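Going line by line, the protein sequences match chains A and B. So the first sequence is numbered by this note's numbering: it starts at 1 and just counts up by one. So the second sequence is numbered by this note's numbering: it starts at 1001 and just counts up by one.
Some clues are possibly wrong.
As the list claims (entries may be wrong) - Cut-off 20 angstroms, straight-line C-alpha distance, at most; resulting in silico cross-link-like pairs (SDA-like, lysine to any residue):
{"hint": "1", "chain 1": "B", "residue 1": "K1030", "chain 2": "A", "residue 2": "E136"}
{"hint": "2", "chain 1": "B", "residue 1": "K1030", "chain 2": "A", "residue 2": "G84"}
{"hint": "3", "chain 1": "B", "residue 1": "K1059", "chain 2": "A", "residue 2": "G44"}
To be verified - Which bits of chain B does chain A cover? Going by a derived footprint, with three or more residues having C-beta under 8 angstroms, they are:
{"hint": "4", "region": "1018 to 1024"}
{"hint": "5", "region": "1078 to 1087"}
{"hint": "6", "region": "1093 to 1101"}
{"hint": "7", "region": "1107 to 1113"}
FYI, nobody ran anything at the bench for these hints, they're computed from the structure. Nothing here was measured: the structure is a model prediction, and the numbers come from that model. All residues carry an ideal CB built from backbone N, CA and C; glycine is no exception.
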Amino acid sequence: MGKNKKALSATDDVEDINISPLIDMVFILLIFFIVTTVFVEEPGVDIVKPLAYNAEDLAKNCILIGVTDADNVFYGGEEVGLAGIRVKVRRMIKENESYPVIIQADQGATNGTIARLIDECKLAEVPAGNIHLSLERLRN
Amino acid sequence: MTDINISPLIDMVFILLIFFIVTTVFVEEKGMASNTPDPSPQTDPPDEEKERLTLLIKKNGEVFSKIGNTQKNIGVGGVRAVVQQEMQREVYPILVNVEKESLIATYVTVHETCLLAGAEGITMKVVQGN
């Protein structure tokens, strides 16, 4: 009994839990998220991308434009249409010239819309080699 | 002698952490470069290019090959053989004419098949359907 009492009073003497490993971990997480964060506006629509075997990896910092199977053009979660996309792209390109444009087109989107979208991007002064089409990679 | 109170620091770090967790989007896009002719005045191609192979994707998904004045319905499956045969003679960029209403999925398949068959650059051009 006396021994037990002594053990109890010993735990009372412990002042605080050591939280420095917790803080270390939080710092590591913080640095991870700071490093991986890219501020990209997603089109915010459901898109079934065309399938391909040879799809290259594209840049992470980019301008994403979505085209649905009904040929509606989305940017940053709202429908802007073919007419409105040039202004949006030009604004982004002004901030950073090297931003590539990635078009997320649905399998059912028509080539006419995609071609007009690419022309609009060219008119917004995106270099021709910086326009890409997003694909779903198939494994073979 | 007491320790410096670090709890405000930790609070701030937590707030930053939560901000970055919430704003992070993991963008991992895979794709291909898309190429269209520049919107410049149309000129007739030089004579040596007139005998070159061009492809045509119809709105119903049919694929035609065209060399000179001969046009053939080859379908998506026939693209590889035709392009490969041409590329063995001479490697040159291929022009893929597409009708406005044809689907992007068909173009992507044709584009990829041309690359596999050894073509150097593939350009998509919209043409009027008849």
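Hint-by-hint comparison with the structure:
no. : hint              : verdict
1   : B:K1030 to A:E136 : holds, 7 angstroms
2   : B:K1030 to A:G84  : violated, 25 angstroms
3   : B:K1059 to A:G44  : violated, 28 angstroms
4   : 1018 to 1024      : holds (count 4)
5   : 1078 to 1087      : violated (count 0)
6   : 1093 to 1101      : holds (count 4)
7   : 1107 to 1113      : holds (count 4)
Of the numbered hints given earlier, the model fails hints 2, 3 and 5; all others are met.
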